[in-house]
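Trainee: Chains A and B supply the protein sequences, listed in that same order. Under my numbering, the first sequence has 188 at position 188, and the numbering climbs by one with no breaks. Under my numbering, the second sequence has 40 at position 40, and the numbering climbs by one with no breaks.
Hints may contain errors.
[Unchecked claim] Chain A is faced by these chain B residues, among others (derived, beta-carbon under 10 Å):
hint	residue
1	Ala80
2	Asp184
3	Leu231
4	Thr235
Source of the hints: derived by calculation from the structure; they are not laboratory data. Note that beta-carbon positions come from the ideal geometry of N, C-alpha and C, so glycine has one too.
Protein chains: 2
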Amino acid sequence: MKHGGDLTEAIARHGGEPADWLDLSTGINPWPWTIPHPVPGSAWTRLPSRADEQALLAAAREAYDVPDDADIAAAAGTQALIQWIPYLAGAGAVAIAAPTYGEHSAAWSSGGREIIAVDDLSALPERAIHAVIVNPNNPDGRIADRGALRHVAERLDRRGGWLVIDEAFADVDPAISAAGMSADLPILVLRSFGKFYGLAGLRLGFVIGRRDIVERITAALGPWPVSGPALHLGTAALRDRSWANATRVRLAREAGKLDQVLTAAGLHVVGGTTLFRLASHPDAPALHAELARRHIWCRSFDWAREWLRFGLASDDGLDRLASALHSVR
Amino acid sequence: MKHGGDLTEAIARHGGEPADWLDLSTGINPWPWTIPHPVPGSAWTRLPSRADEQALLAAAREAYDVPDDADIAAAAGTQALIQWIPYLAGAGAVAIAAPTYGEHSAAWSSGGREIIAVDDLSALPERAIHAVIVNPNNPDGRIADRGALRHVAERLDRRGGWLVIDEAFADVDPAISAAGMSADLPILVLRSFGKFYGLAGLRLGFVIGRRDIVERITAALGPWPVSGPALHLGTAALRDRSWANATRVRLAREAGKLDQVLTAAGLHVVGGTTLFRLASHPDAPALHAELARRHIWCRSFDWAREWLRFGLASDDGLDRLASALHSVR
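Let's have the full structure, built from the sequences with the hints guiding it.
Mentor: So, in structure tokens, the structure goes:
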């Protein structure tokens, strides 16, 4: 499976309706920020206004602690930004800290760039003009040291390149964010709204960076990149700091409960963030298949067959997972 | 003003709240397709699935009468497609039938292309590899002959180029669509969802064309380009053919009523579609300013100072417009 979060393939192979399935294939918070119904009619009917866009960006600046002298832009999901960046960056190869989320490599490849997979950006090849790192990394949760990232950005700056830091899962631990270094260095911090806020269908993401770089991205995105409902709900959710703080605590607790279920079933938890857990098991492919037959969908990796990634679940969902894992053993 | 539909500038200059203003600056249907509340929670929380995307594209194929051997892709508004096309088209200059909607020129310029403005695509310069036409044209409503468009597409095909036909306002007269010619020629038909269906905030648009070209655009857009609510509502609205048929009749009637108001006030209606009317008046700038002081916002053009463009309005709105125009004279 290429991505989590799409039951189309699971249902085609194993039957059932979406509602029958326990979908643990994503890193999306299953306890979303609650949408205050109804969304105002004008959010659907009118073109988004500049005033609404400015309100969203102001809320995001606060939530993501963006320095005043850095810039920020919004798009219909960070994926839209991942797609554009290779077409806007200066010529040259890109080093990608791998293994990681596959769409960075796909987008740079589609943009005609040479891709150099590296274990660690400290081993930055001379011919790499740009670099990409997901921090914390997906799926293993590895966290890069901020000093090391600054050093990489300084080296790329001398080459005229960019350092893309995909902080899709950084909301659970804001202290790791590189946003504070993005005003003076060619660092592009990507922040996903949908995962932590549990609203992935809304399609909302941000890029934070040096003014000249963000201006180039804003020009490429063109007018009205974000929907009216996403502007409206994103602004309200990003202002809701007490929800965010409580959610960080809750996700840590829920991740601990998931770890207990996995460990009790003989899996070894090898990493992750508090939005997903990565576990290894010698018979992971058989385990994945058997869970799928029971309409439980987790993430497998064709390049790491002993790994499975599990998203968080309600207590009922955890009971169902525990019971399925128990009967498989 | 660069675009209609954004009261931010109007309010900054003339005060008031958005609700005080009669916004006639757009070509968006003010009688939207009615959203069946509530939108299912999963449309907000889950990543859009391939099954949902396929359902939307199937509905769009029917609504836009797309040939089986042509392809179609969806994006977060046709603007997102307008932004990408210049980055994906082969090298070479673009001829744009002008004057027209300004974002085509802006996007090709941002993509580093030479732009050749032409009155009519029949006068296609030899060095133009690509061409863009808005059909019916915005703001004058001019309709290009389909045989002439085919001839242009055939000439561009021999040059390895593309013909972009922006049918943003073609829903009011589907017979003019070039979608039927797009399977065999390098024609990219753009269809806007938000204008005719009155849901511009949703951000939904389509490109119809030859399979190899649409594949290239789909790859550039990447996964999940369209939000869950847009997939859900777009599918339902595009299947609602009786609403579309009734709306065509209604818009024609309402456009006639608007023409009467404009004509009675001494303006001369020079073109448009049934979603907006273009009128000329020797004192158009003064008229625009005086209407703005009365919190009525219409579209002016710095390159055609005698023109004003008016969107449709409710009967109350028309009375307010008539009264304001009467007192200005």
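Trainee: Was the hint right that B/Leu231 lines chain A, CB cutoff 10 Å?
Mentor: Holds, about 8 Å.
Trainee: Closer than 10 Å between Cβ atoms is the bar; does B/Ala80 clear it against chain A? Give me holds or violated.
Mentor: Holds, because the Cβ-Cβ distance from B/Ala80 to chain A comes to roughly 7 Å (cut-off 10 Å).
Trainee: Taking the least C-beta to C-beta distance, is B/Asp184 closer than 10 Å to chain A?
Mentor: violated, 26 Å
Trainee: Let me know if the C-beta of B/Thr235 comes in closer than 10 Å to any C-beta of chain A, holds or violated.
Mentor: violated, 14 Å
Going through the hint list in order, the structure does not satisfy hints 2 and 4.
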